[in-house]
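Engineer: What follows is each chain in one-letter form.
2 protein chains.
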Amino acid sequence: MNLFSNSLKAVVVLAATVAIMLSLRAEAVHPSLVTSKADVVEMRKELTKDGRFKQAFIAQKKQVDAQIAQPIEVPVPKDGGGGYTHERHKKNYQLMYNAGMIYQLTQDEKYADYVRDMLFEYAELYPTLDVHPKRKMKSQNPGKFFWQSLNEAVWLVYTIQAYDLIHDSLDAAEIKNIEQNLLKPVALFLSEGQPSTFNKVHNHGTWATAGVGMAGYVMNEPEWVEKALYDLDKSGKGGFLKQLDQLFSPQGYYNEGPYYQRYALMPFVTFAKAIESNDPKRKIYQHRNGVLLKAIDTTIQLSYNGLFFPINDAIKSKGIDTIELVHGVTVAYGLTNDPGFLDIAQQQDQIILTGDGLKVAQALDKNLAKPYKFKSVAFGDGDDGKQGALVVMRTQVGGDQALLFKPAAQGLGHGHFDKLTWQFYDHGNEIVSDYGAARFLNVEAKYGGRYLPENNTYAKHTIAHNTVVVDETTHFDGNVEKGNNNAPTLNFFETNQFGSVSSGEISTAYDDVRLERTMALINLPELESTLALDLFDVVATDKHQLDLPLHYQGQLIDTNFELKANASHLMALGKKNGYQHLWLKGQATPEKGLAKVSWLNENGRFYTQTSLVNGDESFMFTQIGANDPNFNLRNENGFVRRVKGTKQHQFVSVLEPHGEYNPSKEYTLEATSRVTGLELTNNGDLALVKISIAGNTYLVAINKVANKKNKLESELQRKFTYQNKTFSLNGRLAVYVLTNP
Amino acid sequence: MNLFSNSLKAVVVLAATVAIMLSLRAEAVHPSLVTSKADVVEMRKELTKDGRFKQAFIAQKKQVDAQIAQPIEVPVPKDGGGGYTHERHKKNYQLMYNAGMIYQLTQDEKYADYVRDMLFEYAELYPTLDVHPKRKMKSQNPGKFFWQSLNEAVWLVYTIQAYDLIHDSLDAAEIKNIEQNLLKPVALFLSEGQPSTFNKVHNHGTWATAGVGMAGYVMNEPEWVEKALYDLDKSGKGGFLKQLDQLFSPQGYYNEGPYYQRYALMPFVTFAKAIESNDPKRKIYQHRNGVLLKAIDTTIQLSYNGLFFPINDAIKSKGIDTIELVHGVTVAYGLTNDPGFLDIAQQQDQIILTGDGLKVAQALDKNLAKPYKFKSVAFGDGDDGKQGALVVMRTQVGGDQALLFKPAAQGLGHGHFDKLTWQFYDHGNEIVSDYGAARFLNVEAKYGGRYLPENNTYAKHTIAHNTVVVDETTHFDGNVEKGNNNAPTLNFFETNQFGSVSSGEISTAYDDVRLERTMALINLPELESTLALDLFDVVATDKHQLDLPLHYQGQLIDTNFELKANASHLMALGKKNGYQHLWLKGQATPEKGLAKVSWLNENGRFYTQTSLVNGDESFMFTQIGANDPNFNLRNENGFVRRVKGTKQHQFVSVLEPHGEYNPSKEYTLEATSRVTGLELTNNGDLALVKISIAGNTYLVAINKVANKKNKLESELQRKFTYQNKTFSLNGRLAVYVLTNP
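If you read the sequences in order, they're chains A and B. Counting along the first sequence from 1, when you hit position 101 you're at 101 in our numbering, and nothing is skipped either side. Counting along the second sequence from 1, when you hit position 580 you're at 580 in our numbering, and nothing is skipped either side.
Next up, chain A with everything else stripped away, as it sits in the complex (with noise of 0.2 Å):
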């Protein structure tokens, strides 16, 4: 570890001298941050010919036509998020973004003398300024403009950029009145006045370390812009590099998850193009083996059919067409040319204004567009990629379907305990599905906008999750800091062409309790169908209450068992963790065999699962909503299977889309399970699951074997016995066809 961050220091000095060479040699050329004064000279050329370039051009200087015939309002700062005065500094720093780039692109003084004069009220306002009077008590980051200095970082990254698009058009002393009385006294109150934010290993530090650092390279400050990469004391313990090295694994995963991702792209995205622009040979885009490519690479690998995978602290709405990413794909286009990301790009339909931005149009004009690829992968967590992992698995046998299983790390404050938890997509739609976040962004009426108490007490249990919780009790007992100190263990991943498979395990999300998952998505190419196969082992020291949650999305069809349902009147199923807000619809406790639910999802198709079961699993049929006062829930439906007084217990269920439903077309097609056998056989480290579908037979073979070093490979090519024959398998996961009809 001293070796290490002993070359780590030397690189880092070394880095550091040769920027400064660098930076002395840079001339004042602008702009010069993410659109560079060649990139202009064709964005120009372009707006001569049809095409999506000028669309998009002509469309947002409609916009900013309109806005700069409104007067100029740079108001006395006064309200907190969501009020007048946060607003429109919000609104007045993309506008001058927006209008420095028609001024370059135009070429016409008026927008270039707009963005000025809105300087020019900001450099009277901000000397007059002490710290935002709604700053939050005890913070340690208030803004001026801003309540909190997270606003006026973002603010200072979009009016660098403005300042840098209408600099040629200023003589010196409106140079001197704006750098002087505004952007350098901003830049310095939010780097050398705020250095536990400007420092920070976190998502409000990049934003800081990027507004900073871009005024470096514009007002030639070359100092600002080595503290912004490498820490104030230029010691590389923090600043934008530390925050490339930590906030990412090296597959590119974010730890709060996808939703959290493409928010804490933004500043990546657009200080990096700002470096390369600057110091191309600090190869800023190699950094890492590239992790800011992969950053958001994997931000689009961690969507469905165009929306995030939801979980933590995520709203369901959002997806590969937030700007965020459209700034982020365009860079990547312009990085890599690869055709695949002018396939999100037609996704997002959206063309920014800049040098990449032509380029994108460019290539979508020239149908150049190919299919991105979606791939199954383990995305590790945590900065070495070892706090377990986020799992991804696709398959198209049979339609378009995704599961997502989740050994990964807490996700620090907006992280759901949800240790294992998984989650199933098929034909464009969410089947088995996880809550998200509990919010209504923005929406007044609902507290606020902001995170709603049901985020707390509902949406970040593990009950609110498709994996076990014990004693009716939260994962880590709801402790956030438990629960990033202790990821669980990917065991294994791997895809082939039966399908993918992967594993993990969790000994510290209760006291005496190991949880153990193994998940599979499974190809049967005959039926033209696929499985997902779960088999969850709890192993505990006492005897302990197990519950494993199903969250589906869709209208109850049938279950093979008798089903008794509270049918008039209804009472929560629990008090505390989560369980108060879900009413107890009904209930069964199914005889030993097989156990099936099978529901209809709105895309009209049927979906069952089928649970082995030994006549000790009660089933517990829940809709959200009780305890929901001001109806801030969605009333969504799942169910509950129950073991009491155990201290070992195996859930073993396979997930069957089939059928489906057409209304329209006036036919219904294979509405009930093709399950009709289901064996599970642990032969040692090999877990053996015999399933009769359909009038087909298969083996599923899953190689558990420990992931030792050196012997890894022998022990995943081996022989073995089922019913008097013998197989073989070379890997994880082997299907075979035992019989078909």
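FYI, nobody ran anything at the bench for these hints, they're computed from the structure. Worth double-checking, as some hints may not be accurate.
Any copy, or any two copies together, can satisfy a pair, since identical chains are not distinguished.
Simulated crosslink set (DSS-like; lysine-lysine; CA at most 25 Å straight-line) [claimed, not checked]: (1) Lys359 <-> Lys90; (2) Lys482 <-> Lys386; (3) Lys665 <-> Lys359; (4) Lys184 <-> Lys316; (5) Lys665 <-> Lys316; (6) Lys200 <-> Lys370; (7) Lys375 <-> Lys62; (8) Lys62 <-> Lys665; (9) Lys665 <-> Lys90; (10) Lys564 <-> Lys575; (11) Lys184 <-> Lys91; (12) Lys482 <-> Lys647; (13) Lys316 <-> Lys294; (14) Lys644 <-> Lys283; (15) Lys647 <-> Lys237; (16) Lys54 <-> Lys647; (17) Lys283 <-> Lys110; (18) Lys665 <-> Lys294; (19) Lys91 <-> Lys665; (20) Lys719 <-> Lys482; (21) Lys543 <-> Lys294; (22) Lys366 <-> Lys200; (23) Lys719 <-> Lys184; (24) Lys719 <-> Lys61.
Following the hints, complete the assembly by docking chain B onto the known chain A.
Structural biologist: Relative to the frame of chain A, chain B by itself:
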């Protein structure tokens, strides 16, 4: 009445005479039903070119090729609906028709031979059959291949066309075998053999007359055509023309509503086309001022965003792409060349292989489609168009809105007890909704795919709709016959530049209660918005409890009054008449003034119902799903406004679409209602409603003067005074801007 009936008889006799003469001259040209020999020549020619028609042909041929590669199966009838022999015979007639058409287009004998061989098998089987073993007890109309003669008639409609298509490939012995042993006996069984069905003025009768009439054309039995058109006794009391006279209103509205209308259309469209081909002088399409074409067009008009308005027993996903309407639109375009029908055909995206199908395909290939015009219309109900009406109001101001108002007749056995109910649609979605039918079509696990028990215990009841329920009792006490005999009155309907307005009333839904409702869809162009105004007057002899439910689609966002939620346990709202299926989730009694309920639809828009209350209306918030042991019902939300012990009450409210929730782009606009004032003044016949919204104040004037002859025109042009100002009103509806900001 007698006079009319005599002159009708005269026309009938004359027509019959002309028809027989025409028929005697008819030569044996095949095919000559929906598709003529001349059509086939054009269709074959088209197959030499690329285009929609050729594509449709290739797809159809591929399907037929796959099916005729299988052995012919003509099983001995055994199963009821959904069972093997039932489904097989259904597939057979469709396959024979399709294969016959492919024979005509390819002239490849193998297709004709296949149809011939299948007909031989039927000809061998039919003489051995008694009525179907699974015929329904007490049924007057069993089939032989099928359990009911309805299916048998459909079989004949398809099979006679298939036979016509391959006729010229057969030798005399083959013709004799098929006609003598199969087609003629079937036609006789369905006509002479079942006079009560054949003569019945009912959709089932239409299939029978269509099948038998077409058989008459193909097998040169002109008498059959006469009987099909004019009743077995040729009196005109029954038969196809009587069906056309009675089953549709003069505007082409079918009493059971659009869901059954599109189904009923099929035999009308098919037989009419055959009549036009064989007996053009009958001018079938001009019959009753072109009612058949009106019926096709009305079916389209009764849709929103591609789906039929789901009144009565309707499966909600049925829409304009239904195969029956594909045929209807194809024929309608063939008749009219109206490019609006091409717009619909484009949305249907299905070309049928007929002469008219060819015309549609060619026109679409030439991009001749023009937007179909959806209109605001009151579709008169009943054969005279005077048994109430189904009213559709539409506006494009502020989106694409539709309001459906239903002062319509009961609609026979599939009708719901929902006099004067309404529905509202905006931005593509249902906002104020109707449950439709409680049914999962063809899903065996859900009550065999039939109408669920909850269709009778919930969906048909008044409480499941958006209209007044007196004393928790359903309209007409749930008696269909009483409902059929007592239609509401349409007082008026008008559409003009201010919007649309309509009023209806009924005094027979309850013994001593008169229900009168006036609804308006109002354009507010200044706000680029619309409002739905609802004035519901209830007057009774005795004191009653009045409930006015509103079933909304979405998540409750806010109320402007305190709502006491039943947070920890739920009970049903009542014991019977559908009330037992509603959970009571919360309640409130808002103070005198404006009571607001806001919800968010999944289309991302907010909706607020603002009610003018006196402090005597309690609001009960409900969710469907109580006493539903098999989870058959959809758990949708609503609220019921209740007044107790009153002889008279006026429910006054406006529904206001507003704002936008866009968590993807992270903005929320106008999440709160903009209505700040609502006042109603009843000034004689005038209802004057002052509405303050978003700083504007409007006066809406509705002239409710009775529809007396002669006088009406002058009554509709009048002046009135409101708050010391004089206004002039010309018509039923005006909107005046009192103040704007």
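Engineer: Could you work out which earlier hints the structure fails to respect and list their numbers in ascending sequence?
Structural biologist: 1, 4, 6, 7, 14, 15, 16, 17, 20, 21, 22, 23, 24
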